[in-house]
Amino acid sequence: MNKTIDDILNGMKGQQPTPPDADLLTEQIMMNLPDIQLDATDEEEAARQQQGGGKAETIINIVRAVSSVAAIWLVGLFAYSYVTTSSPINDNEKVIAINHTSIKTNNSSFSSTLNVVYTNLKEKNKIHSYAMVKNN
Amino acid sequence: MEQINTEILTRCQGGDKTAFSIVVSTYQRMVWSLALKMLCDEEEAKDATQETFIKIWVHIKRYDGSSSFSTWIYRIASNICLDRLKASRRLVPLPEDESVLREYATTGDSQRQLENSEWVAILRLLADRLSDKQRLVFTLSHLEGLDSTEISSITGLDAKQIKSNLYVARQTIREQLKRLGYE
Numbered sequence: 001m002n003k004t005i006d007d008i009l010n011g012m013k014g015q016q017p018t019p020p021d022a023d024l025l026t027e028q029i030m031m032n033l034p035d036i037q038l039d040a041t042d043e044e045e046a047a048r049q050q051q052g053g054g055k056a057e058t059i060i061n062i063v064r065a066v067s068s069v070a071a072i073w074l075v076g077l078f079a080y081s082y083v084t085t086s087s088p089i090n091d092n093e094k095v096i097a098i099n100h101t102s103i104k105t106n107n108s109s110f111s112s113t114l115n116v117v118y119t120n121l122k123e124k125n126k127i128h129s130y131a132m133v134k135n136n
Numbered sequence: 137m138e139q140i141n142t143e144i145l146t147r148c149q150g151g152d153k154t155a156f157s158i159v160v161s162t163y164q165r166m167v168w169s170l171a172l173k174m175l176c177d178e179e180e181a182k183d184a185t186q187e188t189f190i191k192i193w194v195h196i197k198r199y200d201g202s203s204s205f206s207t208w209i210y211r212i213a214s215n216i217c218l219d220r221l222k223a224s225r226r227l228v229p230l231p232e233d234e235s236v237l238r239e240y241a242t243t244g245d246s247q248r249q250l251e252n253s254e255w256v257a258i259l260r261l262l263a264d265r266l267s268d269k270q271r272l273v274f275t276l277s278h279l280e281g282l283d284s285t286e287i288s289s290i291t292g293l294d295a296k297q298i299k300s301n302l303y304v305a306r307q308t309i310r311e312q313l314k315r316l317g318y319e
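Going down the list, the protein sequences come from chains Z and P. Per our numbering, residue 1 is the first one in the first sequence, and the count goes up by one each step. Per our numbering, residue 137 is the first one in the second sequence, and the count goes up by one each step.
Read the hints as simulated data drawn from the structure, not as lab findings. Note that CB positions come from ideal geometry on N, CA and C, so glycine has one too. Each hint should be verified, as a subset may be incorrect.
[Said to hold, decoys possible] Below 20 Å or equal to it, Euclidean Cα-Cα: the simulated SDA-like pairs (lysine to any residue) are: (1) P/Lys-197 x Z/Leu-33; (2) P/Lys-197 x P/Leu-145; (3) Z/Lys-3 x P/Asp-294; (4) Z/Lys-3 x P/Arg-248; (5) P/Lys-314 x P/Ala-223; (6) P/Lys-299 x Z/Val-117; (7) Z/Lys-13 x P/Lys-191; (8) P/Lys-191 x Z/Lys-3; (9) Z/Lys-55 x Z/Trp-73; (10) P/Lys-191 x P/Gly-201; (11) P/Lys-269 x P/Ala-223; (12) P/Lys-197 x P/Thr-146; (13) Z/Lys-13 x P/Asp-183; (14) P/Lys-269 x P/Asp-294.
[To be verified] Selected chain Z positions facing chain P (Cβ under 8 Å, derived; list incomplete): (15) Asn-2; (16) Gln-15; (17) Gln-16; (18) Pro-17; (19) Thr-26; (20) Gln-28.
In isolation and in its complexed conformation, chain Z is listed as follows (with noise of 0.2 Å):
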């Protein structure tokens, strides 16, 4: 009598097979059982999580550096260009010079610089009319 395909697959259903040599089998599995019972992955783990943390520290020391560094150069250089660009060669390229730097670095202060110049010349035409009453 033949079985049908659903007799063949329900008569597998839940049947669980038997080891050969059952204590032999649990003999060498206890056998083989390493002595000391270490976590090897979870100790690898720790130990790339710590590399990871000291390699990440050193990162940083680095960037810290090379920005401090950046940011004194960076002073330097503001603090260069300001001082070459701000002081005059001689009382004639006073005004020029500061008419220069007011437009060039704020807009806002393009009235004062105004001021600047229309006092300077009031001061030349002070002295120049003070030389001419002086010769009269």
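Take the given structure of chain Z and dock chain P to it, following the hints.
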């Protein structure tokens, strides 16, 4: 399914080998059964069983009780079997496998327990065309009798994926049996 008590588990987590021998003897048949049905080779199944228990021993501290201990063991055993299937050559049915199936099919006793060699021959023949995932889902669900929740916890597949894998596996096995002349 047999379950181990928490005291033995705690002792195992503390490194007690004597307690672990109780775990081995309790779950050895379960692991062997899965390994034999998945790998269709007695020697491979023996090696996979040993590897499973060594891995359980090494990682037993990681068991947090979020799933049942047997589910956790099944998960480890399944991964080992899948790795071994990937590493080994494809299981090809042998000509004599058909006669083993014929002998089983002609037996009137529906409750007859299959021998290990019969399991190997019949599954090698029937599950020949299944993918590794389909084979695992079919073995866990149909042959081991686990429910969908447990299978999901073991394989990481959701209920829909389990259902579709199981459907395809059953259909493939039915087609194979039809091809061999069964109705």
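Hint by hint, here is what the structure shows:
Our distance criterion of 20 Å between C-alpha atoms is met by P/Lys-197 and Z/Leu-33, whose separation comes to about 15 Å. A C-alpha spacing of about 9 Å is found between P/Lys-197 and P/Leu-145, which places the hinted pair at or below 20 Å, so the restraint holds. Proposed proximity of Z/Lys-3 and P/Asp-294 is contradicted: the alpha carbons are some 34 Å apart, above 20 Å. At roughly 13 Å between alpha-carbon atoms, Z/Lys-3 and P/Arg-248 fall within 20 Å of each other, so this suggested pair holds.
A threshold of 20 Å between alpha carbons decides the hint, and for P/Lys-314 with P/Ala-223 the separation of about 31 Å lies outside it, so the pair is violated. This hinted pair does not check out: P/Lys-299 and Z/Val-117 have alpha carbons roughly 90 Å apart, beyond 20 Å. For the hint pairing Z/Lys-13 with P/Lys-191, the CA-to-CA distance comes to about 28 Å; that exceeds 20 Å, so the pair is violated. Restraint check for P/Lys-191 and Z/Lys-3: not satisfied, since their Cα atoms lie roughly 41 Å apart, outside the 20 Å limit.
Restraint check: the Cα-Cα separation between Z/Lys-55 and Z/Trp-73 comes to about 27 Å, which exceeds 20 Å; the hinted pair is violated. Simply put, P/Lys-191 and P/Gly-201 have alpha-carbon atoms about 17 Å apart, close enough for the 20 Å limit, and the pair holds. With a C-alpha separation of about 15 Å, the suggested pair P/Lys-269 and P/Ala-223 falls inside the 20 Å cut-off, and the hint holds. Distance restraint check for P/Lys-197 and P/Thr-146: the Cα-Cα separation of roughly 9 Å lies within the 20 Å cut-off, and the hinted pair is therefore satisfied.
Distance check on the hinted pair: Z/Lys-13 and P/Asp-183 sit about 25 Å apart at the alpha-carbon level, beyond 20 Å; violated. Simply put, P/Lys-269 and P/Asp-294 have alpha-carbon atoms about 13 Å apart, close enough for the 20 Å limit, and the pair holds. Of the supplied interface hints, the one on Z/Asn-2 holds, with its beta-carbon coming within about 6 Å of a beta-carbon of chain P, less than 8 Å. Here the hint on Z/Gln-15 is kept, as its CB sits about 6 Å from the closest CB of chain P, short of 8 Å.
Among the interface hints, the one on Z/Gln-16 holds; its C-beta lies about 4 Å from the nearest C-beta in chain P, closer than the 8 Å criterion. A hinted interface residue such as Z/Pro-17 counts as satisfied when its beta carbon comes closer than 8 Å to some beta carbon of chain P; here the least separation is about 5 Å, so the hint holds. Among the interface hints, the one on Z/Thr-26 holds; its C-beta lies about 5 Å from the nearest C-beta in chain P, closer than the 8 Å criterion. With 8 Å as the threshold, the beta carbon of Z/Gln-28 comes within range of chain P, its nearest partner Cβ sitting at about 6 Å, so the hint holds.
The structure does not agree with the numbered hints 3, 5, 6, 7, 8, 9, 13 stated previously, though it agrees with the rest.
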